[in-house]
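Residues per chain are reported as follows:
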Amino acid sequence: MRRLIPLLLLALAACQSNDPRAQAKALIASRCAACHVVPGVRTAVGVVGPSLADIANRQVIAGKFANNRDNLIRWIMHPQAMMPGSAMPEMGISQPQATQIADYLRTLDKP
Amino acid sequence: MRQPAYRTPRIGESTPELRARLHAIWETAPGWRGWLSTVDHKEIGLRYIVTAFILLAVGGVEALVIRLQLAGPDLHLLTPEQYNQFFSTHGMTMIFLYALPILSGFSNYLWPLVLGSRDMAFPRLNAFSYWVYLAASIFLYSGFVIGAGPNDGWFNYVPFAEKDYNPGINEDVYALGMVLLGISTTVGAANFIVTAFKMRAPGMSINRLPILVWGTLTANVANLLVVPAVSLAFFLLWLDRQFGTGFYQPSAGGQPLLWQHLFWIFGHPWVYAIVLPAMGMVSDGLPVFCRRPLVGYSLVALGTVATMILGFGVWVHHMFATGLPALSLSFFSGASIIITFPSAIAVFAWLATIWTGRPVITTAFLFFASMILLFVIGGVSGFMTASVPVDWQLTDTYFVVAHIHYVLIGINVFPVVGATYFWFPKMTGRFLDERLGRWNFWTMFVGFNLGFLPMHLTGLLGMPRRVWTYPEGMGWDTLNLITSIGSFVFAIGVLIFFYNCWKSYRSGAPAGANPWDAPTLEWSIPSPPPPYNFAVIPTLASRHPLWEDRLDESEARSSLDRGMTLDEGKETIITTAMDAEPDRIVEMPEDSYAPLLLTIGLAVLFAGLLVKLWLVAGLGGVGCLAALLLWLWPRQEMRERSPEPRKIGEPAHG
Amino acid sequence: MTRPPLDYLLGSDGVRADATLPLTWFTLAISIIVCVIIAWLLWVGVRRARANGGAAETVGTPLEPEQGRGLSWITIGLAVSAVPLLATLIWTMAALGHVVGPPRRSGMTIDVTGHQWWWEVEYHGANPSDTFATANEIHIPIGTPVVVRLHGGDVIHSFWVPALAGKTDTIPGQQNIAWLQADRPGIYRGQCTEFCGVEHAKMGFEVVAQPANDFEHWREAQLQTAPPPATPQLIHGMQFTTFRCGLCHSIRGTDAASHYGPDLTHLMSRRTIAATTLPNNPGALAGWIQAPQGMKPGTLMPDQHLSGAELNDVLAYVETLK
Amino acid sequence: MAEHALARPGQLAVGPIGRNGLGYWGVAMLIATEAALFGYLLFSYYYNGATQPPGWILEPAPKMFPAVPNTVLLLASSGVVWWGEKGIEAGRRGQALLGFGITFLMGAIFAAVQIYEWLIKPFGFAANSYSSLYFTTTAFHMAHVIAGLIILAALFGWTALDYFSPRRRIVVSAGVLYWHFVDVVWVFVFTTYYLTPYLGFGT
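Residue numbers (the numbering used here), protein chains in the order written: chain V, 145 to 255; chain Z, 411 to 1064; chain R, 7 to 328; chain Y, 817 to 1019.
Where hints are given, some of them may not hold.
[Said to hold, decoys possible] Computed Cβ-Cβ distance ranges for the label pairs, DEER-style:
(1) G723(Z) x W934(Y): 55 to 61 Å
(2) F908(Z) x A924(Y): 54 to 60 Å
(3) L485(Z) x P255(V): 54 to 60 Å
(4) P577(Z) x A170(V): 35 to 41 Å
[Said to hold, decoys possible] To list a few chain Z residues with every Cβ distance to chain Y over 10 Å, as calculated:
(5) R429
(6) W436
(7) G903
(8) L956
(9) E997
The set of hints was computed from the structure by calculation and includes no laboratory data. Idealized CB from N, CA, C, for every residue including glycine.
So that you can see chain V by itself, here it is in the shape it has in the complex:
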């Protein structure tokens, strides 16, 4: 038993680093947290942009685009291209990263 616990913890830690949700959360904590409230990410308590608590239920994003996976990914990568003058900056997020973030956000459906 005593040997099992550290092993288990190690396994848990290993899981976390490969878990796409964990990776998405780390990205969100680093890139999005300063502006948005994102459930599941404790540091994401920003008050600049809208809360993303139930973004999965929203019909449109940025007040203009249909809320589907492709648009969300595109918006995360290039908000200024989609809507010049939006407060949301270009953040140099790559396609795989944006996909991870978008997939995480699309699970948020509780207000």
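Please build the complex by placing chains Z, R and Y on the supplied structure of chain V, with the hints as guidance.
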């Protein structure tokens, strides 16, 4: 009726008629009048204890909120400002409003009983001390309840406490409240000192004092001399804030470090003041359950005094990181390591008492015995911080938080709870429930160590103190969660304790005069004690009057049932300071409203200063003066218009 | 497992911490041993008693009459305690000699000022013009003692880089001296440890220890002034930034020259912003610029209420401050 | 059976006799804590002074007039009040009234002169930490002088009402002890603020 100047006290037995007569003389009037004017040390002691326990509960709830906020990284239960008020108020409550007052309460209740006196030296001062403590507690909490509690920690470093950085009313409340509380502590200290030297039964010579008395006496000598330092520090801070003086402002030729010196000159002896009486409780209580006298009585008493004397000289070890010269660092570091010795005496004395005794396991014994271990843990962590290079890493981390909690909970709360189990039968005539007691002990003991032992490691892994939150990935998450869980388990234990007190007060098993077969004077009178304590003034022949026949320490036996009756007024005996020879009969004051009135005057004065209504403050001051004159007006029966014709030799002086 | 960033128990990376670490272990070991011995003595001592207890049992148990017994516990106990205490005392004094003052031959001197709630760092060169300021990130060359003159900007703070050295307070009206010497390159976390107000928790910094060459490169780069803006967006961004941010911050080479907040001339060269509160990337930076109160409630920087376009122009300009 | 130790005192005083009473101990405690308070005030002065650059003392050469005569006056009042107490001890009420009355006047003059000193100081209360300490320390002392004056007035009144006798006089002794304390403290305050600058402290 005018008192004669001299009288030969009558010697008698404790008869029902005598007891009835004394009861009539000493009894406090029933109803609210008596409640507001009583000067009975037992009533005042109980009020102290109840008030301090209520504040312990309040401070405990604050701690639980803090532990919720810190249970995990990046939590947002409290805003930073709220967090700062919570931890500051928690510290203020536990250190100033619980830790010393609870000990004052026990000492107030117990001293005349263990010393064989009918009251403290200054009963009205005693009442005043309690009223001011209550007023100061309410005053200090008035800021917190309106969202303006102290927010700079209990140590309140400047310049952050100055108006430039802390513009709200928070620090004004704290500063004035602490000055007010200082009055209570100081008059209490004066009362204890005089009581210890003058209010003892004949034969209770200085080498027969219970260790509790030694502890409280040394603590209060310290208080008398160091409380002015902190009162002054807070008063100067208030001047800085109100009138722009620059005591602590470098821009005005002041010194931020002056605060730290004044504060720790007070603060370090204060740490001993809130543990020495509690150590005394263990030294007196533990031997009862080990069925033998304490090992090394004289050494323990001397160690108590030596700890305090050395304790005056080590305040700088709270300031190692302030950029002091190497020479003073070495000196204070050395002194702080040396101070371990007198404390170690007590530890080995207790251990020897257990080993050479026949320990009987009661809840009180469990609390007293476990305290030895907690004392050592708190002691060795203090020893680590005494080493300057190590302290430069340890200081202001959670290691110090763990240390201070082992000191305050381990050496104050555990003995106090044990003392409650021990003396509750004396105070109420009923036992605390032993079965609940076991639950109480084990939840408190497990919860406390679960919460605070890992906290040492939290500190060693670098978590700074007084942070409202911490980020992920610092290595502190699990440890903090464990600490939070432990704190709740501990809180359940405290809750069981309060429940046990309440339940046993109503329906506990009845206890006789001496339910534990304990050796000291308080167990020779009924439980609860009558208003006059001792129907006849006892005469002592040893440290253990109730064990004499069995221990056979000396030829002589104490006289407990026969002695001076002193029933011609509210009288008790004064003895000489060292040998406790009868010196004078003293007429104790009647119940009086003067202490309450003076407290109200003071409260108005301080409230006026706080809100800067100088007229109100002035009225409060005049009220104080009037109350004082009422208080000090020479008593009619003590006057003597013309010298008595008889010439009598001078009595012994003490 | 990696060492926690503020740990000082599991290892050390600088001369002063190296001298302290074994003493810490020694005192910790003594402490643990003492606790174990006392716990054992207590356990065995109590176990020798009968199993049950209570008031009746107390009354029924006869007294142990031999009063003289037990005194040797105190004498032996004190004598045994004296040994580790004296050893600690001697070792303490020896270690103190190693860590207390900077060595006579010290490489360079920097000034560090604690502010609510960030760290100002000032470097000096041979010429007065070689002076520059940065914030929350202290670069030092490895293997060289660096004297740190500590100043209190407002209230008392405490300067602490556990992997390299213990704490020294920064006190207004007084200059304290600390010194750092890193054994090997690395990024060492520092933290304010004297309670200093609302955001005391979020007053971290980093010490970046580099080989001498890298350090010189860094210093050269830091001496440069901010590049002129090249595009219309950047020009607008710079105008807005110097007008708005210049009230508190300075950007060398522009009109922004106030010293109330951190120097921003090479903001983008730093790893973190807001005293290690946030990583330095465009998303975090934008959020911080617009609404610092959201991330670090009570911080002295106010929320900015910029429009989206303004925010993006400011951000675009700030991103050129490399 | 062993012998019982029983305190069987002969004639004992009832209540305080002379200065031998709890109240006297009480005032001694009060004095101890107040002396500590003044100790910390003076410590604050020396500590701040020692850590500040020269020029901190705003009046490097404090005027000796009227401070010195005023100090002499206060010290002399200690002698007068002692003489008054002797009057009570000897049952000479007139001497006591005269003693307390003159002491009161001397104390009042001291207070008035001290207030005059405050008014002619070239600096204000909050000019720097030196001035703040000077005014705070002397004001603390002034508060004690005023308390002492109230006590003296009470003693005067109670003596006039013939409350005291050579035996029952603890209130007098305690009050007089307090007045001695007020005077002794002034010696330390005076030395610190008026004399140490001449000895080179802080200059």
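Outcome of the hint check:
Between G723(Z) and W934(Y) the beta carbons are some 37 Å apart, a value that contradicts the proposed interval 55 to 61 Å. Between F908(Z) and A924(Y), the C-beta spacing of about 56 Å keeps the proposed range 54 to 60 Å intact. Taking 54 to 60 Å as the suggested C-beta distance range, the pair L485(Z) and P255(V) does not conform, at roughly 21 Å. Taking 35 to 41 Å as the suggested C-beta distance range, the pair P577(Z) and A170(V) conforms, at roughly 40 Å.
Listed as a non-interface residue, R429(Z) keeps its Cβ farther than 10 Å from every Cβ of chain Y; the least gap is roughly 19 Å. W436(Z), annotated as away from the interface, keeps every beta carbon of chain Y farther than 10 Å; the closest lies near 17 Å. Its beta-carbon lying about 38 Å from the closest one in chain Y, G903(Z) satisfies the requirement of being farther than 10 Å from that chain. With a least beta-carbon separation of about 14 Å from chain Y, L956(Z) lies farther than 10 Å from that chain, consistent with its non-interface assignment.
Against the 10 Å criterion, E997(Z) falls within the reach of chain Y, whose nearest CB is about 5 Å from its own CB.
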